[in-house]
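Can you build the whole structure from these sequences, using the hints too?
Below are the chains, spelled out letter by letter.
Number of protein chains: 2
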Amino acid sequence: MRRTRMNEIIAEIRRHDEFVVIAHVHPDGDALGSAVAMYLMLKNMGKKAFVCIEGNFPKKMEIVTQYCGDFIEPSESVFPCAIALDCGDTTRLGAASPLFYAAETRIVIDHHHTNTGYGDFNLVRSYSATGLILFELMGRMGYDIDAKTANCLYVAISTDTGNFSYEATDEATLACAAKLRKAGADIPLICEVMYKNRSYPETKLTGVAIDRIELFGNGRIALTYVLQSDYDALGAVKEDCDDLINYAREIDGVEVAVFLRQIDGGKFKLSLRSRSCVDVSRIAAGFHGGGHIRAAGGTMEGTLKDCSACIVKAVMEEINK
Amino acid sequence: MRRTRMNEIIAEIRRHDEFVVIAHVHPDGDALGSAVAMYLMLKNMGKKAFVCIEGNFPKKMEIVTQYCGDFIEPSESVFPCAIALDCGDTTRLGAASPLFYAAETRIVIDHHHTNTGYGDFNLVRSYSATGLILFELMGRMGYDIDAKTANCLYVAISTDTGNFSYEATDEATLACAAKLRKAGADIPLICEVMYKNRSYPETKLTGVAIDRIELFGNGRIALTYVLQSDYDALGAVKEDCDDLINYAREIDGVEVAVFLRQIDGGKFKLSLRSRSCVDVSRIAAGFHGGGHIRAAGGTMEGTLKDCSACIVKAVMEEINK
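These protein sequences, in sequence, are chains A and B. Residue numbers for the first sequence follow the working numbering, beginning at 399 and rising by one. Residue numbers for the second sequence follow the working numbering, beginning at 399 and rising by one.
Rather than coming from a laboratory, the hints here were simulated on the basis of the structure. A couple of the hints might just be wrong.
The list treats identical chains as one, so a pair stands whether inside a single copy or across any two.
Stated by the list, open to error - Taking lysine to aspartate or glutamate and the EDC-like style, the derived pairs with C-alpha atoms no more than 16 Å apart in a straight line are:
#1 Lys594 - Asp641
#2 Lys457 - Asp650
#3 Lys458 - Glu648
#4 Lys580 - Asp568
#5 Lys458 - Asp426
#6 Lys594 - Glu410
#7 Lys546 - Glu460
#8 Lys594 - Glu653
#9 Lys711 - Asp487
Treat the numbers as computed from the prediction; the structure is a model and nothing was measured.
Shown next, in the form of structure tokens:
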């Protein structure tokens, strides 16, 4: 891979007048925040800019998408310059991929250390968030970060650090947050919208899932589940269960949390989380899945009762290794 | 009130050899974090130091109390110097009050703007946390903040800013967090212990309370409750309901959340939270209580059904004003 110095990227951004900004499919806060921050900088520099991202945008992300009036659909258009943000490889470009490849100059800015370097210019740094790379880039360019851009970058770095709780929350990340606050980032509003807001159905589904938590293995394993019928009964949507597993994982003494989500009558999506010593990706590998040491997933078939017994047994074996 | 410059406080700390450090009764993270941070600095300076705080220490605070081997019970002892931290007035000193008054030199360090200035030396600044004042003080003293002190100060400022989500989360707070991270603050561990850990009974009580949430006033009011019998049934303790009201408040569209906790057969403790436009302290005033604009409380008597209907009516009236 050809890695690029920041100054080369800056020269390319200065050289072009029209851009398409791309972020990864089904964007999270780092993807959308970075894309809209880049868009705002380009517009403030008097350039033409458009943003193209495949997938649904979470409603809470209106806090940044509201600043962008130029989202476009994937097409065969040719832009002088394409900038891919927060996309570790080309599959992450999704339907925006043709726009990226058609561009005369292709820039990649990303924080995933696995980035494959698929651009003409690749600015890849293992920072806590792509938004943090943009913050540094904007500083070098002498771009005076306004309140809108500050909000976008704050959403980006806050998202990818679990609102400043993950290991990656380093000095540079917090120092960046401080400067974004000074530049006008509305931290209380961002936290309220992003972390302190749930739909009524999601709240109710949370209650149901908590009610069903069972402990196994002397309290080291917590298991809960959600059935297809729950969605209809509560008016919930699929995404409403995304955070449920945390209530199981965060029980004092629990090392591994298991969450089963029914995807059809006899099939379950399996999610696993661990706290400190169990590698759940090894467990997930036994269930057509995989993932990371602390977060992994797979699929299971059978009745709820059989699947529960089977996964608890597998977790116990891994704990006792 | 006689307010004191930081340099005078520094001179007093340098001048004395033995200290009692006091923080407010039933200490939170800012009180305990600040007290133990001060203790560590004094010990590292080769001085004698003891910490006296009335009340129960939350178990999660072991993350800072573990660093202090010199907690003492309230007594009539006379120390050359007493330092009261995070106590806005003398009632907050609780049972440690005689120790404070008996001391030859009495120092107050606090961030509450209502501080009454009851010390011989009063360092009162409206910072986001008392821990932030200590951070500045330690910088001025040339104290090289070690990892233990960094953890204490991080817990202090994280607690009082809602882990960097409240309005008070200013540039200085985040810049301080960045420097504490550099000094060795174990942010992932602190967040895990303080914000991502609940007992099994607390988790179950959360499920019960969520299950009971009812919406009123076109979804602008959410009400839930916990009965005395729930505690026995779940093995829960009183404090396990402290955060429950947030699940009601954080429902999309809810402006006012109401939580009723049964304290004896026909008596309920009332808690109120609002999001953005309703002053709940005005509502609480009608129920033998008071508080802040966004958080207030009171008491009610009657059946659950009557109390619920009565408080919903009162909230509706305030909303419609």
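### Query
Between copies, within a copy, both or neither: which fits Lys457 and Asp650 at Cα up to 16 Å?
This pair counts as between: shortest inter-copy Cα distance 11 Å, intra-copy 32 Å.
### Message
When Cα atoms must be at most 16 Å apart, do Lys458 and Glu648 count as within-copy, between-copy, both, or neither?
### Response
Intra 24 Å, inter 13 Å, cutoff 16 Å: inter-copy only.
### Message
I want to check one pair: Lys594 and Glu410. Are their C-alpha atoms no more than 16 Å apart within a copy, between two copies, both, or neither?
### Response
neither (40 Å within a copy, 44 Å between copies)
### Query
How would you classify Lys594 and Glu653 at a CA-CA limit of 16 Å: within, between, both, or neither?
between (26 Å within a copy, 13 Å between copies)
### Message
At most 16 Å between CA atoms: does that hold for Lys458 and Asp426 within a copy, between copies, both, or neither?
### Response
Within. Shortest intra-copy distance 10 Å satisfies the 16 Å Cα cut-off; inter-copy 31 Å does not.
### Query
How would you classify Lys594 and Asp641 at a CA-CA limit of 16 Å: within, between, both, or neither?
Answer is both: 13 Å inside a copy and 13 Å across each meet the 16 Å cutoff.
### Task
Tell me, please, which holds for Lys580 and Asp568 at an alpha-carbon limit of 16 Å: within, between, both or neither?
between (19 Å within a copy, 7 Å between copies)
### Message
Cα distance capped at 16 Å. Does Lys711 pair with Asp487 within a copy, between copies, both, or neither?
### Response
For Lys711 and Asp487, the Cα distance exceeds 16 Å both inside one copy (36 Å) and across copies (56 Å).
### Query
Is it within a copy, between copies, both, or neither that the alpha carbon of Lys546 lies no farther than 16 Å from that of Glu460?
within (12 Å within a copy, 40 Å between copies)
Violated hints for the displayed structure, listed by number in ascending order: 6 and 9.
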